[in-house]
Amino acid sequence: MARRYFAVAAFSGLIVAIQLATLFTGTGFYLTQLTMTAYYSLVIIGLCMLIGYAGQISLGHAGFFALGGYVAAFLTTCDLKSQHGAFFSLLEKSGALVFRHDVYGGSLLTVHPWLACAAAILLTAAVAYLVGGPVLKLKGHYLAMATLGIGIIVYRIVLGTEFLGAADGISEVPGFPLTAGLVITGASSSRVSNYYLAWGLVILGMVLLLNLIHSRVGRALAAVHGAEDAAGAMGIPTARYKLNVFVLSAVFAALAGVLLTHYNGGIGPSEAGVMKSVRYVAIVAIGGMANLWGALSMSLVLNYLSLRGYFGTYDDAVFGVILILIMLFAPDGLLRRHLLSDLKRVFSRDPSEEEAP
Amino acid sequence: MLGGMTAVTLNQFLPMPLAILLAVVLTTIVGALIEIVFIRWLYKPSVLRMVIITIGVSILIREIALHVWGEGVKALPYFTGSSISSINLGGVYVSSQVLWVVGVGALAVAALTAFFNLTMLGRQMRACAANRDAARLCGIDAGNMVTLSFMISAAIGAIGGAVVCPITYVQYDSGTPLAIKGFTVAILGGLGNSTGAVGAGMILGILESFSIWVLPTAYKEAISIAILLAILFVKPSGIFGSAEAARLKEF
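Chains as they are written, first to last, in my numbering: chain D, 43 to 399; chain X, 6 to 256.
In short, the hints are calculated from the structure, not lab data. As the structure is a computational prediction, the values presented were derived from the model and not from experiment. Cβ coordinates follow ideal geometry from the N, Cα and C atoms, glycine included. Wrong hints could be hidden among the right ones.
Here are a few chain D residues that sit away from chain X, every Cβ distance over 12 Å (derived from the structure) [claimed, not checked]:
#1 74
#2 122
#3 157
#4 160
#5 161
#6 179
#7 192
#8 225
#9 242
#10 253
#11 268
#12 273
#13 279
#14 364
With a straight-line Cα cutoff of 30 Å, these simulated BS3-like cross-link-like pairs (lysine-lysine) come out [said to hold, decoys possible]:
#15 49(X) / 181(D)
#16 186(X) / 49(X)
#17 181(D) / 225(X)
#18 179(D) / 49(X)
This is chain X alone, in the form it adopts within the complex:
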């Protein structure tokens, strides 16, 4: 939401690629600041405590956004073409922005996978997630890793917001449902498994879209949450997560 809103605002006096870039940078900085101000200095915080703090922070950001941007619905123009133009892909007509979303999404997953598997920093971060104390014994600064992970997820969120907002539009309160859906997808795909998350995201999106065949559109949101609950009840390790890895985590 923050990424989309900032990009729309900056787009008024900057060319679009530059506006999006700056919006992503700003959102990344906000992500880092949130971690440094609210999380970093806590002494051994429980996950529940952090979740409640971040829920509080999200309310705060939402309220600030409401006061800064008002209640209006905003959107970026289409990156290429317009809202009525489409591209013919083997007989199927697809809006060009949809291709942008899919392309950027694929790029983000590839970049994340490469980062976690190929770079030193990515491996250090995975070590922290697996065992924080052991990682610290190996000389990894766990605190910095948490800040970095906040920044990466804020940046990806901002990119997503900017790319998707020409289609879905953006508003001060469009963040909260996305947070729930993000959590659903993360659990569905198995936590810390970004390829699994993409598959889970597609499943969730398709289920949600097809649910309007049998149920009113207004219930769409409830469907994805019902799926989250069902997964939590039945298989908390997610569809693509391994049950063994899940046993180490406490549900």
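The shape of chain D in the complex, shown without the other chains:
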């Protein structure tokens, strides 16, 4: 228990230290990419929960991310001024709609970001719940292909739909006013507050997931991962647990999509692309599959490097190579929790014994 929160505290310390470091070196502009990294990390830890702890793979999480982002972007940019009727006037009176001005000074009547966010998350959860039922019955590569397919369907739909901006995506998404003085937006004046907001949310998510892992549900998931039939025989409703974790991780992805869209001020179809999904899985794999801290730290490093453009034109190739190398040499993930003891065993014993699992 104490150890769990010690790690959370240490990570929070790291986040503060990074901000202070950028403050003293005058490199505050790094915080923009670090904030975006935080939102991607939210997807990663949700996916890590699904892959590592529930033992299910998903190659379609970018689809859920984009679903959340697009719903929020569409609702907060679509002008409803010309819409009349009882439903719209009720919405307007209840404060669900807000007047604001676009960059050209014209006035817009759009859905309030809170309501849009709720709609995005509810819709994603509903979609995940509906497709999750039949999808999670599949195993192994059928599951991988089915989730890959879901991701591609979302990609094709956002790419081909006119009112979602087709290939251009949706831009001019307004900021997300959380409370007075705290707005999720890419404006450089609120860079520091947004940085802490994003990472605070990641840490909150981590605490939630860590507690989940160490609860009755977490132990049940471990049993499902270890031997599904045996877990079922013990009376664990395996299908329900798998579905719930699938929906939970989809909601994490959707929330990240909503907030990153408000932060960036827009979203494009590439966010739903296969390459993004593969990237998320690669990061979870290098982080050690069933290791939330490993996934989080790898997400921090790799997403940041990628967003800063260190990989240049080889961006996608880097994550492809990472995925291949991990799957070839360490199919259980690189930063396993028992990595140190494993290494000790390898060096102290005859390596040929290691072949047998």
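Starting from the known structure of chain D, arrange chain X on it as the hints suggest.
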């Protein structure tokens, strides 16, 4: 994609039949190399692990192709005639290249069926698919069979790419959707059933083409994947596969 791209490049300084032949040979070698480098030495890999590795490899090939050939769209010239000429088949005008595609496809299926049913090597390969351990007990080198199957499927893919690229054009990223569609068709037709796969391929193609009657063209891709999902949910053994054979496989 690799077959089409290589054929287009080689066609610049070789006559077309020779360019296609060389492209198929090169792609076959690449297929063999991928198996030897990434799959062969793994100790009892799970199918999921292999799928993820091959997805990684396909990303790598795509990125290499992007750096070698750039983003441009390429195509071979029509094998016979030109893009505006057509042949009258009992009142229906068909582009000559379409006949080439259908002919080569039929030839490939006939050759595969003959290979799997009539030759020793083909039978050995089927034995490996049915029961790897038993096949090895009979003295079949299962490792070589896997390499060979990679080579055959790479060669057929390359032939397909070269034949179809005058019509559909080829680009660095035209491989990924085809891989998904290939998987759809393979499942739809029942795995390991090449005649069933042809029937399933036709059904998928017709459904996809007619879907533009009711839905925008941009959703065409999504249709074939939705069909894949529907089949996986409802009847994972495929339309033409037997439920009994599917029970042996784990979905």
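Q: Please write out, lowest number first, the hints stated earlier that are contradicted by the structure.
A: 6, 7 and 14
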